[in-house]
Amino acid sequence: MSINRREFLRSILAWGIGLIAARSLFSSLGCSAPVQPSPAAPVTPSPIPPSSTPQPLPTPTPKPSPTPTPSPRTSSTYLAVARGNSPATITETAIKAIGGIERFVKPGNDVIVKPNICVAYHTYEYAATTNPEVVTAIVKMCLDTGARRVRVMDQPFGGSAEQAYQRSGIAEAVRAAGGQMEVMARMKYRNTPIPDGKDIKSWLVYQDAIDADVLINVPIAKTHGLSRLTLGMKNLMGLILDPARFHSNLAQRVADLTSLLRPELTVIDAVRILTANGPTGGNLKDVKLTNTVIASADPVAADAYAATLFNLTGNDIPIIRTAAQMGLGRMDLKSIRIEELSV
Amino acid sequence: MSDAGRPQDNRHSPALVWRRIRISVQIIAFIAFLYLLIGLNNNGNLLLPHHLFFVFDPLAGIMATIGGREFIPVMAFGLLTLVLTLFLGRAWCGWVCPMGTVLDWTKGGRGKRLPGRDSAWQTVKYGLLFAVLLGSAFGTLTLAFLDPITLLYRSLASAVLPVINALITNTETLLYGFEPLRGSLDVSDAFFRSVIMPVSQPVYAASILIGLLFAAVLALNVVKPRFWCRYLCPLGALLGLVSRVSIFRITARETECTSCGRCARDCPMGAIKSEPDLVVQTSECTLCLDCMVKCRADAMSFAYHAPTALAYEPSRRQFITASGLALVAGGLLRLPSFIRGDKRLLVRPPGATEDSLRGLCIRCNQCVKVCPTGGLQPSVMPEGLDQLWTPTLVSRVGYCDYSCNACGQTCPTGAIEPLTLEAKRREVIGLARIDEDRCIPFVENRDCIVCEEMCPTPEKAIVLDDVVVTGKDGRPVTVRRPRVIHQLCIGCGICEYKCPVEGPSAIVVEPSEPEGRQGGSGNGQGFGRGNGGGRNAA
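Chains P and X, in that order, are what the protein sequence lines are.
If you use the working numbering, the first sequence corresponds to residues 5 to 347, in order.
If you use the working numbering, the second sequence corresponds to residues 1239 to 1776, in order.
With the rest of the complex left out, here is chain P (with noise of 0.2 Å):
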C-alpha cells in the first residue's frame, strides 16, 4: 500500500469534488435530493375548512401571509374538546372531530411535530412536558394518514436534548409509534425574515419547521411567570435560536414568530395541567389532572380555549389578545363552533 501523501490529497479533493457535483446534477435533475419539499400539493396552512378552494401557491415556502381571519362560518367543528381517561383516545377524538387528520396530513408529506420538552429535569407526570401519548397518538395518525416522514423535536433550555427526549417518555414512544426524534441542529437555524412581524421583522428560525409540509403544535398547558400561560403559540418559542432575548415585548414577538410558523394543526395536551411554578415544574403538588385536550387548527382559538382550565381568559393572556388582534385567530371563543366530547 503505497500512496504518497501529494496523491492521497489529490484524490480526496477529487472525490469532494466529484461528490458535490454529482450532488447539484442529480438534484438539479431531480433524480435525488430527499431534501427538497416533496411536490404533492402543498396542504393549504390556514385553518380552513377542507370545503373552501385551495388557494394555488407557487411554492410552499415560505408560507403564505397574511392569512384571513379563519372563518367560523362552517359546517363543521372549529375547535373540538376531548375529556376522558385515555391521553390516546381524547386526542384521536379531538382531533377526528376537527375532520380528522386527513384534513391536514396528506399522503407523502413530512410532518413535524412540536411537543413541549422544555426540560430534561422530570418525567411527564409531573407536567412540564407533553404527555408522550398524546404525541404518539399524533405520530401514528399521521404515518397512517400516508405522511412521508413524521419527526418529533423541541429545543429544551434545562439539559440536553437527548436526555430530555428520555426522561420525559417521548423518546421511547415515539420511536415505537415509528417516528423520529430529531435533535435540532445548530446548522438549521437561519436567519428568516418575518414579513408580518411587528416588533421583530427577522429570527434565526429552525429552517426544516418551514419547510416541513405540516407542522402539528402539540404543547402542555402551564403556568408561566410573564405569559402567565405557555400554551400553543409560546411553544413554539423552541423552534427559534436565542429565545430568551425574545422576552422583551414577549406577546408582540411570540405573535410575530406565529405569523411566520403558522401551526396547521394545534393540539393542547391538557392532560395534566401546571398550576404553579411552571414551566419547570418539579412539584407534584402543583399538578392538576384535567383529562383534557383541545385540538383546532386554530392556534389563537386553541391557546384561548386552554386559559379557561386556568379560570382566565384570552383576553388574560397579553399574547394571545395581541395574536387575535394581529388576526392570526380568534380567541372570542362564543363566536365559534366548539365540539365537546367525553370518551
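Be aware that one or more of the hints could be misleading.
DSS-like mimics (lysine-lysine), calculated; alpha carbons at most 30 Å apart, straight line [stated by the list, open to error]:
no., chain 1, residue 1, chain 2, residue 2
1, P, 202, X, 1710
2, X, 1710, P, 205
3, P, 100, P, 338
If you are wondering where the hints come from, they were derived from the structure by calculation, not from laboratory data.
Computed from a predicted model, the values in this text were never measured in an experiment.
Chain X: place on chain P using the hints.
Then chain X, alone, in the frame of chain P:
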C-alpha cells in the same frame, strides 16, 4: 518504510513479528483512548470504563493518594502497571501509553544533538517526578498536569476537540446554505452530533494555555524523537525507577555484537550507550524492539536477567540541582494567590470542595469533557497556582444541568464526590445575586422574568414581585421584579447563563458557604463535604 532497503531483513524474524505486535497494541490502545475520550458524555453507554487509562496510571494513583491523604480503591489498578514494569520494564511507554503513541507517530527523523550530556537531560524527568510527588505531599496536584495521560486527555478534550467541533459546525452551516446538500448534511450531522461531537460548542478559557503546552510537547518531538518521554515525563521516570530492577530486559550478547553502534544511533529513546561498551539502560528502554530489528548481527536479546544492577548514578550536581528545583517548584505551588486571601472565588462542581480539588484532582478534565452544558471549565488562575486547571462552574458560559450528575460520576479520584441525582439536586454550590443596577425590570421598568422562568428548583428560588413604579410618561406602571429566595437557591447558574442582558449577567452566582457544611477553604486535610447537606437538608 525505512528498512525497505535492507535486503538482509527477514520479514518473519521474531523481532519483526514482535515489533508488529507492539505497533498493533499501540494502535488498539490509542483507539480505545480516543473512543473513551470522544464517547464520554452524560448519556453514558461506553463499552469500557471511562477512566480505564487513568486507573492504570500508577503516577495518577500515587499522586492522588499522597495529595488526598486517602486510599482510593479504584486507583489501585495502577499497581498492576508497576508489577508489569517490574517484569518487563517500561513496556507501558512503548506499547500502551497513548501519549507515547502520538509521539511515535509525529516524530521527525533522528533529531538534533542537544548541548551537554544526554544523561543530564535524562535526569530532568526524575527532578520533575520529585517535584510532582513533593507537590502532592504539600497537598496540591497541580503538577499532575505533567502526567502524560492527563496531559493528552486534557489537551484533546479541552483544546483540540472544541476546535474540530467548531470546524464541523461552521462547515455544516456553510454547506447548509446550499439546498441540494441538506439531505446529506442531515445524515452527517446526525452522525457527528451526540455520537462523536457534542450538540453545543464547548468554549474553554484555558484552551489556549492547554493547547500551547500540547503544541510544545509535539514541537519538542521534532527536536528529538520522544523528547517528552526521554527527558520530561514523570510517569516515565517512575516506571524507569521501577524498571531498574525489572526481571526481563533487552541486552546485547557480547559474543555476537560487532560494536557497530547502529542500535545506539537509532534508538528512539537514546537508551543505548555504545561507548565504551554497549549498554542498554533499562530505565530508558521502552521495549520498542527497534534495535532487535535493526541489529545485523542479531545480537540483541530480550531475556531473563537477574535483577542486579541498581545503578542510579546521577552526578552529585545533577541530583542537587534536580532536588533544589523540585523544592522550589513544589513550594511555589502552595504560595497563596495574591488576590485570593482566604475567600473563595470560584463556584465548584457539586460534591467538590477547594480542598478535595486541590489534593485529589489529577487535572484530567474528564468532568469538563462530560459536562453537557460546557459550563464546567478548567480554572485558569484566580484561585492560585495550587488550583490550576481544576474544574470550576462558569455560569455565564454554561449552567449546572438540574438533570445531570455526570461530573461526580466521572471523576476517577473522588475529587468530585459521586452524588446521586437526588443528592446532587439538593447540593448547594453557590448563591444567585441580582444586580439591580443591570437587571432590566429594575433599570428599565420593563418585564423580563427569564431567570424566574429558568429556575429549575421544584419550588422556584426566584420569585417575581409586582411593583408599581412611575413609568417614563409619569404614570404608574406595574413591573414584575425578580427576587432570590436564599433558602431555595442551589447555585446552578442557569439564571446567570440565560440572563438576556448583554455582557455580564444581571444575576450572578457566587460561591456560598452554607451553614452545616464542613471543610471549605481551610487548609485542613480532612475533606468534609456536605453530603447532600447545605441549606436544603431540612
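The hints, checked one at a time:
1. 202/P - 1710/X: holds, 22 Å
2. 1710/X - 205/P: holds, 26 Å
3. 100/P - 338/P: Holds, at roughly 22 Å.
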